[in-house]
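> Just add 2 to the spot in the sequence shown (first one is 1) and you have the numbering used here.
Keep in mind the hints are simulated off the structure, nothing from the lab.
Note that the Cβ used here is the ideal one computed from N, Cα and C, for glycine as well.
Errors might be hidden in some of the hints.
Stated by the list, open to error - Pairwise CB distance ranges (calculated): (1) P16 / A71: 15 to 23 Å; (2) R89 / V57: 28 to 36 Å; (3) V51 / L83: 12 to 20 Å; (4) R9 / E54: 29 to 37 Å; (5) L6 / V27: 16 to 24 Å; (6) A8 / F79: 20 to 28 Å.
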Amino acid sequence: LGRLRARLRELRFPEEPRSIRLEVVSDFDFKARAVLEELRRTSYRLQQVRGEDLVYYGTADQLAAEIQALDLGLRLFAEPLGEDRVRVEVF
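Work out the full structure, taking the sequences as your base and the hints as a guide.
Here is the structure:
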């Protein structure tokens, strides 16, 4: 257990998750849902999705970078807006 805790500290994995609000701008609803589904499937930091709030082990900067790196065949732009909000544009 001690080695696991040390490894989590090396990865800068926070001990407590935080709630980060996701503000999605898109021309169609299915694109926003596709982003959330892919994030659920690929992210080890995402614990839960509660409407527009994500329970996430990390910062808004890390979440924005993780969303930006998704490969869905869509144009994605993600930017952190403070400590607890991320704006995502999907087209």
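> Could you check the hint for me, namely that V51 and L83 are 12 to 20 Å apart, CB to CB?
Hint holds: Cβ distance 19 Å, inside 12 to 20 Å.
> Starting from the hint 16 to 24 Å, judge whether the C-beta atoms of L6 and V27 obey it.
The hint (16 to 24 Å, Cβ to Cβ) is violated, given that L6 and V27 are roughly 39 Å apart.
> State, for the Cβ atoms of R89 and V57, whether the hinted interval 28 to 36 Å holds or is violated.
Violated, at about 19 Å.
> Determine whether the Cβ-Cβ distance between A8 and F79 falls within the hinted range of 20 to 28 Å.
violated, 36 Å
> Has the hinted range 15 to 23 Å been met by the Cβ atoms of P16 and A71?
20 Å Cβ-Cβ, so the 15 to 23 Å window holds.
> Can the suggested window of 29 to 37 Å be confirmed for the beta-carbon pair R9 and E54?
With a Cβ separation near 32 Å, R9 and E54 satisfy 29 to 37 Å, so the hint holds.
In this structure, the hints that do not hold are numbers 2, 5, 6, in rising order.
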